[in-house]
Amino acid sequence: MRKSLTLLALLLFYSLAAISQTPTTITGRVLSKDGTPIPDASVRIEGSKTGTTTNVKGEYTIKARPGATLIISAISFTSEKIKLVEGRDSYNISLSASTKFLDEVVVSAGGLKARKKEQGYNATELKTEQLTNTAPVDVTSALSGKVAGLQISDVGGGINQSYRVVLRGQRSLLGNNQALIVLDNVVVPNSVLGNLNPDDIQTLEVLNGASAVALYGSEASNGALIVTTKKGKKGIPEVKLGNTSTWQQINSYPKLQKEFGGGGNGYGVNPDGSPTFSPIENQSYGPAFDGKMVNLGYPLENGDQLKVPYKANNDRSDFWQKSYTNQSDFSVSSGNDNSTLYLSGQYASVSGVMPGDRYNRATLRLNGTRRVSDKINGTYSIGWTQNRYNITTAGGDIYNNLLNIPANVPILMFKDWRTNEYSNPNGFENPWYQNPYFEADNNRQKVRNDYLVGNVQLDYAPIPSLDITARVGMTTNNGSTLAWTDKFTYTPYAISESGGSKSNIPGSVSSNNNYYTRLEGNVYATYKKTVSKFDFNLTGGWSIRQNNSQFTYASVTGLVVPGLFNLSNSTSLPTASDGTFESRLAGLYGDFKVGFDNYLFLEATGRNDWVSILNPPNNHFFYPSVSLSFVASDAFQALKDMRNLDYLKLRGSWSKVGQVNLTADPNSPTFGAYSLQPTYYQNNGYPFQGVAGYSVGNQLVQPGLKPEFTKGYEGGIDLAMFKNRLQATVTYYSTHTTNQTVPANISSASGYTSFLLNSGEVSNKGIESKLTVTPYQTKLWTVTVSANYSYTDNKVISINPALPTLPVASYSSGAGSYAIPGYQFPVIYGTDYKRYQGHVIVDAVTGLPEVNQTLQVLGSAAVKNQLGLDANVRYGSLSLYVLFEYRGGNKIYNAGGPTYDWSGTSIRTVAFHRQRFIFPNSVIDAGGGKYVTNTNVLIQNGNGNDGFWTDQTENMGVTSNYVTSGAFWKLRQLSLSYTFPGKMLGNNKVIKNLTVSAQGRNLFLWLPKTNIYTDPEYSDAGQASNGIGLTNLQAPPSRYFGGTISFTF
Amino acid sequence: MKKISSLSIATVVLLFASSCKKFTNINNNPNAATTSTAEAILPQAIVYTAANSNGYNTYGAELGGYAANAGGYGGFGSSWTYDFGPNDYSGLWSSTYDALEDFQTVINITAGDKDHSYYNAIARIMEAYNFELLVDTYNNVPYTDALKGTKGLTPKYDDAKTIYPALAVQLDSAITVIHAGDADQNVITLNTGTDPMFGGDMTKWAQFAQTIKLRLIIRASGAATFSNTSFDSNIGFLTTDAIVNPGYAKVNGQQNPAWNTWVQSYAGANGNRAWMPNTYAFSFYNGDNLLDNGRGYAIYFNFPNTPNNQLGVGTTAVPSAPATANAWYSGSTSSLGNAVGVMKGPNMGQPLMLAAESYFLQAEADVRGILGGTAKTDFLNGIEASFHYLYLLPDDATVASGWDPVADAAQYQLDNATSYLVNFDLATTQAQQLEAIITQKYIALNFINSQEGWNEYRRTGYPKCSQFTVDPTKSFASTLSQSSRTDRLPTRILYPASEYSYNAANVPSGISPYTSLIFWAH
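Residue numbers (our numbering), protein chains in the order written: chain A, 1 to 1049; chain B, 1050 to 1571.
So that you can see chain A by itself, here it is in the shape it has in the complex:
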């Protein structure tokens, strides 16, 4: 038998040889149009299985017969064919960059790879240069305005901003709405994104919808950002060095009045009827500025008296200093046939606009691949980040104090509080509010965070059609905070002169240590098979995840030795608390793909999860997804033949994803664990003298709590025309999120204050679109402009009959950000004046507006329209980039507003120059349901103190007074860079190129006139809360500008 087989083979061989010519060895190089070699390009003989790949120099060798055709292809390049001719054995080929990016391979859910043409959902890929062209410290800020449907919000400004990352609007009432972050195929806590070195990122893929990410399991309903870090490249090692300097200054400030200074009619009335000036008063309800010299503060113990001109200065905004950031980074990339290596390091040091605030961050990264054998490949990726803050804990207070201080107070002169007698707390002019410089110095914290993020992956391909992958990922964060207020003892003179308003500061110290670790294991196998025109691809796998965290917190008040910040340095015993949390998740999943003739693709996924934080039998659940992609331009000859059509893809998908939403904060170290049982806690000072005393916890939990489910579909079209000079994409989506997990506030008469239940439904629908046009392109010039627009419409369908309104984030006044059925999610909810056809009803005698104490919907807090406009102009090695972003269709409540009115510093309080006035747009009840326009009833006291502006009921407590449009335009990014090629540097063979650039971020902020407060992106409720639309005394918004120089060796 064996013999005859050999015979047969021989026979075949000879017969083949007889009908064709002898193959010869063909060599050559594959280069890109600019002459750089293309490694790993595929060179194969058409109609046969023979093929090879190019080496790092782009060289190939292949045996082929004359007359055969070579097909040369490489990722990101257009394939070319060469017909071999007799007598020639060397062919160099240059490939042009592919415009058919549909063939590009991208990472999709679960670490599986997919070609863009196969994706049945909206996906946007951003590359390194799109993320780093303005050299941000936190890469999150670079995403703003670039991707339709992605909303990045800087919630608080300050030295190290925290960003809220939401795709397609909010869908969970109180659960997590932020996009899943995946780093090198491992799901990581959101905080990791801001702690990456942006230069380490190869690609950042935004998957807007749940169907794209369903495979990631119960965190996927919010879409995902999939970050892939750089790998070393085969070939000549490349070393990069760079340095960036960035300056920061505030670019917007609450509008403050400059007409009136400190005082008020509480101090009496001048002969002309104006209120009396007071040298110590912090409220600006005094007389109009006249420029004369006045006393400021009490006389000091030594008799010295500070005198200042009674006129307005700019110190309240000049207090915020111009600050400086320096980033240095290096990276090394190298590789050979068996392994690659990428090493990088970055150090960033940042100072803040708040005097004394400092932040630094160091990151290291080691990424590599290793071919262990023909069948086994190993990949590893390790990142280490440490960040350190030294910042004041009194930021909000300081801002508040600044806004309380009358415009005639020269704040900048109070810098040296240790040496200057007027700046020292004893001599500071204001008995109620501290010198902001002293406050910044005296209330501080040092925060330390160390992150280690790593993963190891083994790929094993026992047979060509089967791939088995095992991956282990780990994220661990180890942090500590030491916060303190130093003690300060006033002189008896200062205490008595201020009537006790200056009282000794006992000082305090708190210390917090915490860690969390997230471990993830994944094993999956993919089997591929092609049957005629069908490509089948089946993946099955399992995944486990374990979260652990622990914290210890201790504090003391009452320090003994000033300046010593240790728990032992106290007159009292420390109080302490701690917590340990653990949660687990296990999942089984499968993915089935079938492609037909390379233009029609169907993908179905399914996953079943088991979670520890819910009770059986509700702790396991299944969720499926299906998507379809149809490349019409490849399917129909008529479209193929259309001259100007490059591609046309139609896509659609459907999915259902479960999410266990027991915490709104994706970074919460509790992971939602232990939320189901009632708790009892020691309260009211217990334990007392060896006796314990417990109080019943205030949360009720619905028995049988389930995960919430987001079901939805999306459909879209991707189009490219005119040799990709025009690219367009549009997506429509619609989702319904049901079974919301809501810790609803309830009447305290029930004995409890909140009730955790499954209830409510939110619908989200919207459009995401992007248009990119390259109107002008020559050898030297490329001009590209693009616009991305998204429309988001989310609506609360229902909550619970017993809970008609659900506060998501609210103030003690009841005003806040609410979920209310029938309205967008969330809405601003609060008090308003009583109105008749929009006019404010005022009292016929006092002229004072009447307040409706029943809370009203005052507008949607959700951004409806988002537009990004950018332009890229290249001229040779010179490149200019500009990006504008608009957001609108939403309202914000400026919770700081009443503060500025209280202090009399706000521009509102001088609308009528402190005179009696007719309340604008007001009507008077004429009886019998009739109202007449108010033309003559004035508010009697148009001043502060006991006048209108400081009246809690009539003015400050009325929410609608501080609700303004949330719209803005921002000049997000502007950068100009020039790359000097090695040639220009004298061909020194050391430096390959040198790039210099100048760049700015958030350079300008344009707000509607009514918004006299601050950046509408801010959220007083914090980064983790869905209660958006509330701003307060966050740091003033800033612009950033600077320059970068980088070398490649």
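There may be inaccurate statements among the hints.
What the hints assert, rightly or not - Label-pair ranges, simulated between beta-carbon atoms:
(1) A:Asn936 <-> B:Gly1124: 30 to 40 Å
(2) A:Lys322 <-> B:Asp1520: 51 to 61 Å
(3) A:Asp272 <-> B:Thr1518: 27 to 37 Å
As the list claims (entries may be wrong) - Below, a sample of chain A positions facing chain B; criterion: calculated Cβ distance under 10 Å:
(4) Pro431
(5) Ile495
(6) Gly499
(7) Lys502
(8) Thr571
(9) Glu582
(10) Trp610
(11) Val696
(12) Asn698
The set of hints was computed from the structure by calculation and includes no laboratory data. Note that CB positions come from ideal geometry on N, CA and C, so glycine has one too.
Since the structure of chain A is provided, determine the placement of chain B on it from the hints.
For chain B alone, coordinates are given in the frame of chain A:
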């Protein structure tokens, strides 16, 4: 082959699913207790009520003429105008119901458990005490539907007129439960640790129950119908102060709540200095209305030169509160914390009901014919009990040396011999007698249980303040009052905003701070 593979896949899946169960069965809380006992909850609930009583005292003092704004502060807003919003004093509502839930849990845990009869009875009495506070502050409140957790997420409101009799029944049943406990030889008794008010003295608890019941019946004065208006004379009424002290100390979180609010934090930071004595209340000590050197020196800082003010006057002429300590602290400012009066020290107990109040209630009951005692005797006992409480040191047991309550109460009679507010014999009409009793009660409650003084004023119109006058010794109404009443005072505060948000269908609407009356008020 095919069969085997699908079978083995099924096995793997099953194995995985069952191991998942174990893998995910880790959701037991390692950080907090998930069960509790009556022994653990009751003492805390009593101390919680004591903490809340500080809030009620603040509310009563601000509305009821005991306190006024001090110099150097602004932002009094509705404290001056009485134009209350739903957020004013809203903490009273939530914290009282929160404490009530703790008592209700004790009642639920001990239901049918004879050995825990005393726990059950105490929880019932305290529940009645707390519900009365709510009714007296808010009129109609959730009662029958309240404290039911998931079974009553939006509790309906009960008519205040029906809650009072229900509380009286609850108090009677508590006494029955105490008797049942007395008859049970295995009954679990309480001690000073588990009962921070009476140290396990169940007789005092029964007296406390009867005194609360007496207060309910007197205060309703015919506006509500009680099923049982009799009292057990073997038990009687409170003759000692009902004071909660779990071991308050100058330690973080463990100070007496009133001291902590008004005088000083455990670390030495100043307490609330935005308020100081109201000239009106002060006039009952400095001779403007009555002369009371004994209690004046006991209570006030630097008496009789204590800084004081008329509510609503906010000029710079208004003195500041004392630079250290507090206007209601009479002791030495150099070493705070071992004084007599209302702010004795950080370790003093928190009174829930003074013996003086008990005596004045009895005196009124005598006058009204509800009890058969002698009004004058109870009246004099009430004054003496007031002196006695105020002269106690922070241990609430020792009369400070050099202070003699009996002698000073007698001196008080001599100093005000011509006033029927002090000399009961001069009060010849029932109205005068009632005025004397209520005025003395008002004085005895000064800055201790101020809310009861405010309640009694709204019920009886005493002490007299019926006509608004700019004379700060004749009226305690704010000079900036927006009230339309002749006394220019408010009638009540509003329901909290939380009820309008979370229980909107049930909370009464149209409540006015000037015209809506508590059912017993005039």
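Q) Against the structure shown, which of the earlier numbered hints fail to hold, in ascending order? A) No numbers; nothing is violated.
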